[in-house]
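**Q** Given chain A, put chain B in place with the hints provided.
Number of protein chains: 2
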Amino acid sequence: SQLLGSLRQENGVSPGGGACKMRWQLSEQLRCLELQGELRRELLQELAEFMRRRAEVELEYSRGLEKLAERFSSRGGRLGSSREHQSFRKEPSLLSPLHCWAVLLQHTRQQSRESAALSEVLAGPLAQRLSHIAEDVGRLVKKSRDLEQQLQDELLEVVSELQTAKKTYQAYHMESVNAEAKLREAERQEEKRAGRSVPTTTAAATEAGPLRKSSLKKGGRLVEKRQAKFMEHKLKCTKARNEYLLSLASVNAAVSNYYLHDVLDLMDCCDTGFHLALGQVLRSYTAAESRTQASQVQGLGSLEEAVEALDPPGDKAKVLEVHATIFCPPLRFDYHPHDGDEVAEIRVEMELQDEIVPRAQNIQSRLDRQTIETEEVNKTLKATLQALLEVVASDDGDVLDSFQTSPSTESLKSTSSDPGSRQAGRRRGQQQETETFYLTKLQEYLSGRSILAKLQAKHEKLQEALQRGDKEEREMSWTQYTQRKFQKSRHPRPSSQYNQRLFGGDMEKFIQSSGQPVPLVVESCIRFINLNGEDPLVEGCTAHDLDSVAGVLKLYFHPQVYHTA
Amino acid sequence: SQLLGSLRQENGVSPGGGACKMRWQLSEQLRCLELQGELRRELLQELAEFMRRRAEVELEYSRGLEKLAERFSSRGGRLGSSREHQSFRKEPSLLSPLHCWAVLLQHTRQQSRESAALSEVLAGPLAQRLSHIAEDVGRLVKKSRDLEQQLQDELLEVVSELQTAKKTYQAYHMESVNAEAKLREAERQEEKRAGRSVPTTTAAATEAGPLRKSSLKKGGRLVEKRQAKFMEHKLKCTKARNEYLLSLASVNAAVSNYYLHDVLDLMDCCDTGFHLALGQVLRSYTAAESRTQASQVQGLGSLEEAVEALDPPGDKAKVLEVHATIFCPPLRFDYHPHDGDEVAEIRVEMELQDEIVPRAQNIQSRLDRQTIETEEVNKTLKATLQALLEVVASDDGDVLDSFQTSPSTESLKSTSSDPGSRQAGRRRGQQQETETFYLTKLQEYLSGRSILAKLQAKHEKLQEALQRGDKEEREMSWTQYTQRKFQKSRHPRPSSQYNQRLFGGDMEKFIQSSGQPVPLVVESCIRFINLNGEDPLVEGCTAHDLDSVAGVLKLYFHPQVYHTA
Numbered sequence: 002s003q004l005l006g007s008l009r010q011e012n013g014v015s016p017g018g019g020a021c022k023m024r025w026q027l028s029e030q031l032r033c034l035e036l037q038g039e040l041r042r043e044l045l046q047e048l049a050e051f052m053r054r055r056a057e058v059e060l061e062y063s064r065g066l067e068k069l070a071e072r073f074s075s076r077g078g079r080l081g082s083s084r085e086h087q088s089f090r091k092e093p094s095l096l097s098p099l100h101c102w103a104v105l106l107q108h109t110r111q112q113s114r115e116s117a118a119l120s121e122v123l124a125g126p127l128a129q130r131l132s133h134i135a136e137d138v139g140r141l142v143k144k145s146r147d148l149e150q151q152l153q154d155e156l157l158e159v160v161s162e163l164q165t166a167k168k169t170y171q172a173y174h175m176e177s178v179n180a181e182a183k184l185r186e187a188e189r190q191e192e193k194r195a196g197r198s199v200p201t202t203t204a205a206a207t208e209a210g211p212l213r214k215s216s217l218k219k220g221g222r223l224v225e226k227r228q229a230k231f232m233e234h235k236l237k238c239t240k241a242r243n244e245y246l247l248s249l250a251s252v253n254a255a256v257s258n259y260y261l262h263d264v265l266d267l268m269d270c271c272d273t274g275f276h277l278a279l280g281q282v283l284r285s286y287t288a289a290e291s292r293t294q295a296s297q298v299q300g301l302g303s304l305e306e307a308v309e310a311l312d313p314p315g316d317k318a319k320v321l322e323v324h325a326t327i328f329c330p331p332l333r334f335d336y337h338p339h340d341g342d343e344v345a346e347i348r349v350e351m352e353l354q355d356e357i358v359p360r361a362q363n364i365q366s367r368l369d370r371q372t373i374e375t376e377e378v379n380k381t382l383k384a385t386l387q388a389l390l391e392v393v394a395s396d397d398g399d400v401l402d403s404f405q406t407s408p409s410t411e412s413l414k415s416t417s418s419d420p421g422s423r424q425a426g427r428r429r430g431q432q433q434e435t436e437t438f439y440l441t442k443l444q445e446y447l448s449g450r451s452i453l454a455k456l457q458a459k460h461e462k463l464q465e466a467l468q469r470g471d472k473e474e475r476e477m478s479w480t481q482y483t484q485r486k487f488q489k490s491r492h493p494r495p496s497s498q499y500n501q502r503l504f505g506g507d508m509e510k511f512i513q514s515s516g517q518p519v520p521l522v523v524e525s526c527i528r529f530i531n532l533n534g535e536d537p538l539v540e541g542c543t544a545h546d547l548d549s550v551a552g553v554l555k556l557y558f559h560p561q562v563y564h565t566a
Numbered sequence: 002s003q004l005l006g007s008l009r010q011e012n013g014v015s016p017g018g019g020a021c022k023m024r025w026q027l028s029e030q031l032r033c034l035e036l037q038g039e040l041r042r043e044l045l046q047e048l049a050e051f052m053r054r055r056a057e058v059e060l061e062y063s064r065g066l067e068k069l070a071e072r073f074s075s076r077g078g079r080l081g082s083s084r085e086h087q088s089f090r091k092e093p094s095l096l097s098p099l100h101c102w103a104v105l106l107q108h109t110r111q112q113s114r115e116s117a118a119l120s121e122v123l124a125g126p127l128a129q130r131l132s133h134i135a136e137d138v139g140r141l142v143k144k145s146r147d148l149e150q151q152l153q154d155e156l157l158e159v160v161s162e163l164q165t166a167k168k169t170y171q172a173y174h175m176e177s178v179n180a181e182a183k184l185r186e187a188e189r190q191e192e193k194r195a196g197r198s199v200p201t202t203t204a205a206a207t208e209a210g211p212l213r214k215s216s217l218k219k220g221g222r223l224v225e226k227r228q229a230k231f232m233e234h235k236l237k238c239t240k241a242r243n244e245y246l247l248s249l250a251s252v253n254a255a256v257s258n259y260y261l262h263d264v265l266d267l268m269d270c271c272d273t274g275f276h277l278a279l280g281q282v283l284r285s286y287t288a289a290e291s292r293t294q295a296s297q298v299q300g301l302g303s304l305e306e307a308v309e310a311l312d313p314p315g316d317k318a319k320v321l322e323v324h325a326t327i328f329c330p331p332l333r334f335d336y337h338p339h340d341g342d343e344v345a346e347i348r349v350e351m352e353l354q355d356e357i358v359p360r361a362q363n364i365q366s367r368l369d370r371q372t373i374e375t376e377e378v379n380k381t382l383k384a385t386l387q388a389l390l391e392v393v394a395s396d397d398g399d400v401l402d403s404f405q406t407s408p409s410t411e412s413l414k415s416t417s418s419d420p421g422s423r424q425a426g427r428r429r430g431q432q433q434e435t436e437t438f439y440l441t442k443l444q445e446y447l448s449g450r451s452i453l454a455k456l457q458a459k460h461e462k463l464q465e466a467l468q469r470g471d472k473e474e475r476e477m478s479w480t481q482y483t484q485r486k487f488q489k490s491r492h493p494r495p496s497s498q499y500n501q502r503l504f505g506g507d508m509e510k511f512i513q514s515s516g517q518p519v520p521l522v523v524e525s526c527i528r529f530i531n532l533n534g535e536d537p538l539v540e541g542c543t544a545h546d547l548d549s550v551a552g553v554l555k556l557y558f559h560p561q562v563y564h565t566a
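First to last, the protein sequences are chains A and B. Take the first sequence: its letters are residues 2 to 566, numbered as in my numbering. Take the second sequence: its letters are residues 2 to 566, numbered as in my numbering.
FYI, nobody ran anything at the bench for these hints, they're computed from the structure. Take these hints with a grain of salt, some might be off.
One copy or two, it doesn't matter: identical chains are merged, so the pair holds either way.
Capping the alpha-carbon separation at 27 Å, the derived lysine-lysine pairs in DSS-like fashion look like this [what the hints assert, rightly or not]:
hint, residue 1, residue 2
1, 68, 22
2, 168, 143
3, 144, 442
4, 380, 143
5, 226, 442
6, 226, 237
7, 219, 183
8, 442, 193
9, 193, 219
10, 218, 235
11, 183, 230
12, 380, 144
13, 193, 143
On a predicted model such as this, the values are computed, not experimentally measured, just so you know.
Same shape as in the complex, but just chain A:
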């Protein structure tokens, strides 16, 4: 790093002196402490700003989603432009797809609310908390720095005392050395003087005696005096050296204590709570986002449930229920005998037998042929439907595949050129082809079935008449005519209102008035249950569908459940 590099440079040109190097280290330590603190404050401020701007993005997103949900909710709208459609809006259970749509909009609104809440937390408490931590770090670093400065001052004070002690020791030692030199000088002169007096002892012992004696005495006193002086200085020197040595030990201990403990402790002091607080802010952030996402996952769950509840037979039953007047079969066409005609059945006179018997046989054989053909067509029809549904279902695999493989960087590209889209186009072609074939077969089947129904009815009537002809042809009497007429007249005239009473009416009255032994709705429901009840796993039909149909039956017999619910 630059810092390290500049340090090395400075180290390169710095004088080797220990105290000087230490001073440099101490000031760099302060700088380093300040730098760490500054970096942290900047990081925290940057994080706070990030949170605020992230909150803005989230709020914008929330508003976009809200506007979207609002737009489509209010123009229940386009779908409900006529009052007729609004009734579907008001009764979403009427059509299960509309329920999905309502749940989707609800999910979107919930997403909007969650994003708004997230935005609020980021811009509010989290950004504020980060600012607080930045303040805390600034304060702590300032205080730690001041404390470090104080400890450094104390350390340098001790070092300075060491210099003083060293100088004192040096001065006293110098004096001690000088005193010793002077003592040695005096001792040397004393020795010299004593040595000169020995060879002159016999020649001038008497004439120089008193002088020499006083000189010797004087020399001895000087040595004594210098000896005392030396001892005094030596003691002073020892004391100064002791102080110097003690100061040395003290300084080394102080330096060691400062470098090994104080510096690290002050770094810890700067750190106090920083990682803890930062970690908690970031955890709050993840918690807030996770909560948002958990809620969204829940919303998606509701949507999936609504999709599971898509209910074709139920929807159809609702349509039949709402539009009962339209779908209820009309009264049977009755036989209206012409004025005075008392015959109300097919008569096979002798003269007609030659004509009717072959005709009955002809109908019989057409019936047999038509039955086989219609059954064949029905088989093809069912297989085609299966194939069609498979194509429809397979089409969606594409959507997911393209999602899985689409690289997000290539967004907004034209979707008509890629291979997936070409494949989808091929599938759509296949779907339409299958659909056309299905409808052709359906047409054939419905026509066939209609012909079959008519042939069947004629066939039954003819067989009835032929059998009756064999047995009773000549037993016919007025009485029987009258009886039959009476039986017929027992049916009262049908009421034109019975349709309105289909749901909620009296069953017996209905049957009496309509002449239908089993009402259409009931017959239709039972047909459905029979058809699908045999194999509940048949395509598209679930136990749920059967429930829906059974529900319609229930409504039919207990309409008040529907009206009060």
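**A** What follows is chain B alone, placed relative to chain A:
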């Protein structure tokens, strides 16, 4: 519903006639089929539009997040305005908080990418698929309607044939009745004529014989002729009645077949694949959103890991490592004997004993007192730190609480007025108070420890000297002086470069050149491990921290691991 209402009205005014009512029903059935189809197409188009607009919102969100991540990544930036800071950017492992920051930005970028991908799926395949389904529904409804129309035409044809058959029967029956009347008339006249001829048989038998005979013969021929005519008409009538009755059976069968089967089958045909396809689109939607969210949850997991990896001791060790030159303790201050002074230790002369012994005792007692005091302060210090960290940690509970309770509708309110914020303010006050007290105690502790270190050093020196004084005071010889001097001179002059070789240098050379038996970093690391290794569950220190420190030790002994990694 209005539709139902209007139907009832129409029903009220409609003539009771069956065929007329049926015609009305049939046209309403067609309308109903068209209406169902129209509602479905509109729903699908609305859903497609929703997907496109939802995609726009998502894309905007994605761009917002991308811009945000870009802004803060590029101004690595504000934090890295100097080259010094950029080194931190480039080496995020250097400071664990910067790693968190980098992961947060990475997470934001990932969110942006996911939203873009979601947007693409919604606007592209999903919207397109919905349009396709709308097309399919339109086509199917049109075809079903045409087919229904055809079946209705056939049905009405049969009904019309019935009317014709009925009219034919009525006409023939009329003729038959007329023929019978004429026969009866002829028979009556024949009878009358026969009755008149009986009373006149005796009176005018001869004169009116031939005339009466021819009249009787003529009357019998007329009866015969009329009888034949009647039988002919009666047979025609029977045939016509038979046709009428057969047509009646056929019509009733056809009507029943149409109402009970065809109508429902055609509704099914309109529905073909609709619920299936719609369900698959909505499932694709939830799958796409779920995928987005799963990726975000994963991103949050990474962020949580980064937060878990916040590592105060590791960060400190990195700082020490990078700034080794600044934090390495300086060389010991050595004893510099004054020119010629051969004493290098504290000397306790007889004359100094009276001074030094009490002084040593004084230091001893000050040491004892200081030790106790410093330990006391240290205990308070640790308790205060604990309290401080608890306050810091408790502050964040607030953030989450406010998130939990904040009603999203009251967003953007001033945060300075609510009780939560007031409580947070109180906590901040408490935190700063605790912090101030903590720093006061830290200052006391550090000062005390410094004094302790210095006293300890002096105490040891004095004790050493006193013991030595007792034992060797008078055994000191020149030889010992020289030996001691030799031992000292065995330490070579320290190299000024050893700091640069702290990491990656030769251990033995370092120890020799620095005079430090154990390098600072090693000592510091071991101190940490000893301190925290005893109780790994002590506040803030985890096994992970110990690992970090151990890692620094490893780096110290094997620096190439760091440089090559």
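**Q** Now tell me, hint by hint, if it's right for this structure.
**A** Hints and how they fare:
| no. | hint | verdict |
| --- | --- | --- |
| 1 | 68 to 22 | neither (68 Å within a copy, 48 Å between copies) |
| 2 | 168 to 143 | neither (37 Å within a copy, 115 Å between copies) |
| 3 | 144 to 442 | between (91 Å within a copy, 12 Å between copies) |
| 4 | 380 to 143 | between (89 Å within a copy, 24 Å between copies) |
| 5 | 226 to 442 | neither (146 Å within a copy, 57 Å between copies) |
| 6 | 226 to 237 | within (17 Å within a copy, 184 Å between copies) |
| 7 | 219 to 183 | within (15 Å within a copy, 207 Å between copies) |
| 8 | 442 to 193 | neither (154 Å within a copy, 71 Å between copies) |
| 9 | 193 to 219 | within (13 Å within a copy, 220 Å between copies) |
| 10 | 218 to 235 | within (25 Å within a copy, 199 Å between copies) |
| 11 | 183 to 230 | within (9 Å within a copy, 191 Å between copies) |
| 12 | 380 to 144 | between (91 Å within a copy, 21 Å between copies) |
| 13 | 193 to 143 | neither (74 Å within a copy, 150 Å between copies) |
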